[in-house]
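Sequences and hints are given; from them, build the entire structure.
Below are the chains, spelled out letter by letter.
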Amino acid sequence: MALLETRGLTAFYGDFQALYGIDTMLQAGETIAIIGANGAGKSTYLKSIAGLIRGAADSVRFEGAPIGATSAAEIMKRGIALVPEGRRLFPSLCVEENLLVGRYGREAPGPWSLGRIYELFPGIKTRRNSASTTLSGGEQQMVAIGRALISNPRVLLCDEISLGLAPIVVRALYEALRHIKAAGTSMILVEQDIAQAIKVSDRIYCFQEGRLSLSGRPSELSREQIHLAYFGT
Amino acid sequence: MAVWANALIQGILLGGLYALFAAGLSLIFGIMRLVNLAHGDLIVLAAFIILTIATWLGLDPFAAMLAALPIMFVAGFALQHLLLNRTLGRDLLPPLLVTFGLSIIIENGLLELFSADSRRLHGGAIETTSFALGPDVAVGVVQLLTLASAVAVILALNVVFYRTALGRAFRATSDDLEIAQLMGIDHPRIFSLAMGLSFIVLTIAALYLGMHANFDPTIGPQRLLYAFEAVIVGGLGSFWGTLFGGIIIGIAQTIGAQLNPEWQILGGHVAFLAVLVFKPRGLFPRTTD
Ligand SMILES: Nc1ncnc2c1ncn2[C@@H]1O[C@H](COP(=O)(O)OP(=O)(O)OP(=O)(O)O)[C@@H](O)[C@H]1O
Ligand SMILES: [Mg+2]
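Protein chains in written order, with our numbering: chain U, 1 to 233; chain V, 1 to 289.
Take the hints with a grain of salt, since some may be wrong.
Stated by the list, open to error - Cβ-to-Cβ under 8 Å is the rule here; a few derived chain V residues that face chain U:
id : residue
1  : S118
2  : R120
3  : L177
4  : D186
To be verified - Derived contacts from chain V toward chain U, CB cut-off under 7 Å, selection only:
id : residue
5  : R119
6  : A169
7  : R171
8  : A172
9  : G184
Hint data in this document are derived by calculation from the structure and do not stem from the laboratory.
Virtual Cβ for every residue (Gly too), placed ideally from N, Cα, C.
This is how it looks when you write it as structure tokens:
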């Protein structure tokens, strides 16, 4: 049984349909990447899994249970955590409070604790009492990842963690993702930086205008196939 | 000189009462952007509940207030859970209309049950006890207790907000509702807890409302106005701002009254308008907005 599965997932913003019948599957321990151009529906897909957009109960299954119509808070308690697009730290909370609030709804046993997160990202430990708004973009992204990780989720959803960051910072973040994967957490990475995504992923899915245009193992897909699925031309 | 010193001191003490009126309002607005137009009437309702408990059980007002606290917490939680949570959303109008309606229901309900007669919470000897600070300056024990309670309430709210997991959840919810849900924060429950907490604070305010002066079912809206002015003057940055805002309104009122006995209420409004003109975001605005 897949750990997390979407079947015929659709999503709407008012009358506008953003997703058309998306079928994806995540096995325990696996990392998958979702790639696609701007507006392809990647964030919508993650929000649908995380419960920020609700639809038919059966369209998302987690550990066999339908969660497509479940609230975001409840889904988090069951073990799916989202690192949202644009980081979105709580501005009136300091760095450490941002991390701690991440386990408000769920304190599951597992590899991750405040101390382990500071070991993973030593840079933010020295800033633990700073206002989160004073951090650099890379540091903010580390806090956003730590905030999602501290509850020891079974699935970590990451929405474009490399967006707007310098290559050296992106490399550091992906190095951290390798540790997170090694610790046993399954992940879904949404990325525009295809090269990064492919390196850590077991499988990739490509979205195009709300539809799945390609899926497979990175080793089995050619550059041309990916290019075509990504841009449609 | 002494009369002005006295006006200043009495104003600071009166400010404690206004800060108590305002703290619950500020708390609710801060967390869920809900303007509770029934806040003043709820304070009056709480004063009648304290009065009833005191009369039935033969308790003094302090003990009756303590007995009322759990009842009021549950009432606040239930009000938010059953009614107000349904009104919250993108549109600001529904909660305004519902709390306005609630204020009318409370006022008329109290008139029906208790008539329009003036009541008072009688605290016994402490009501008439005072210290002389100088030849023309005397401080009443009730007034002093009011200010001390206001400071204690603000301190306690600060501990809850800045030292507990619940407080982190309150602030996170206020910052970003959507992301708060991703932290497993069940926001309707958070809002209901906040309203319960606000009811605890307004019950403490009700005790001093009833010990300071006579009250009747119709005085709620005026208390709401003072509370509003204190919140706006203080800015929405902190509970200390609210305390300070209450004190400013209190001082402005006693100074107004010193100039001309008919200018007490006017003095408070003038100070409020002056702050609005020169510092529209209040004296201690939020820094993160
Ligand atoms: N809140 C919204 N209201 C209306 N339409 C929206 C909303 N959010 C997204 N959309 C639309 O839905 C489609 C998919 O958006 P989505 O954010 O999921 O794309 P994306 O793949 O994450 O893009 P990007 O790479 O730019 O983040 C787009 O056409 C977008 O304009
Ligand atoms: Mg996106």
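Evaluated hints:
The restraint placing S118 (chain V) at the interface with chain U is violated, with a minimum CB-CB distance near 43 Å, outside the 8 Å limit. Taken as an interface hint, R120 (chain V) does not check out: its beta carbon lies about 41 Å from the nearest beta carbon of chain U, beyond 8 Å. Because the beta carbon of L177 (chain V) sits about 10 Å from the nearest beta carbon in chain U, more than 8 Å, this interface hint is broken. Given the 8 Å rule on beta carbons, the hint for D186 (chain V) holds: about 5 Å separates it from the nearest Cβ of chain U.
Hint status for R119 (chain V) relative to chain U: violated, with the closest Cβ pair at about 41 Å, above 7 Å. With its C-beta approaching chain U no nearer than about 5 Å, A169 (chain V) sits inside the 7 Å limit, and its interface hint holds. The interface hint given for R171 (chain V) holds, since its Cβ lies 5 Å from the closest Cβ of chain U, which is under the 7 Å cut-off. Interface restraint check for A172 (chain V): the shortest CB-CB distance to chain U comes to about 5 Å, inside 7 Å, so the restraint holds.
Against a cut-off of 7 Å between C-beta atoms, the interface hint on G184 (chain V) holds, since the closest Cβ of chain U lies about 1 Å away.
The structure shown violates the earlier hints numbered 1, 2, 3, 5.
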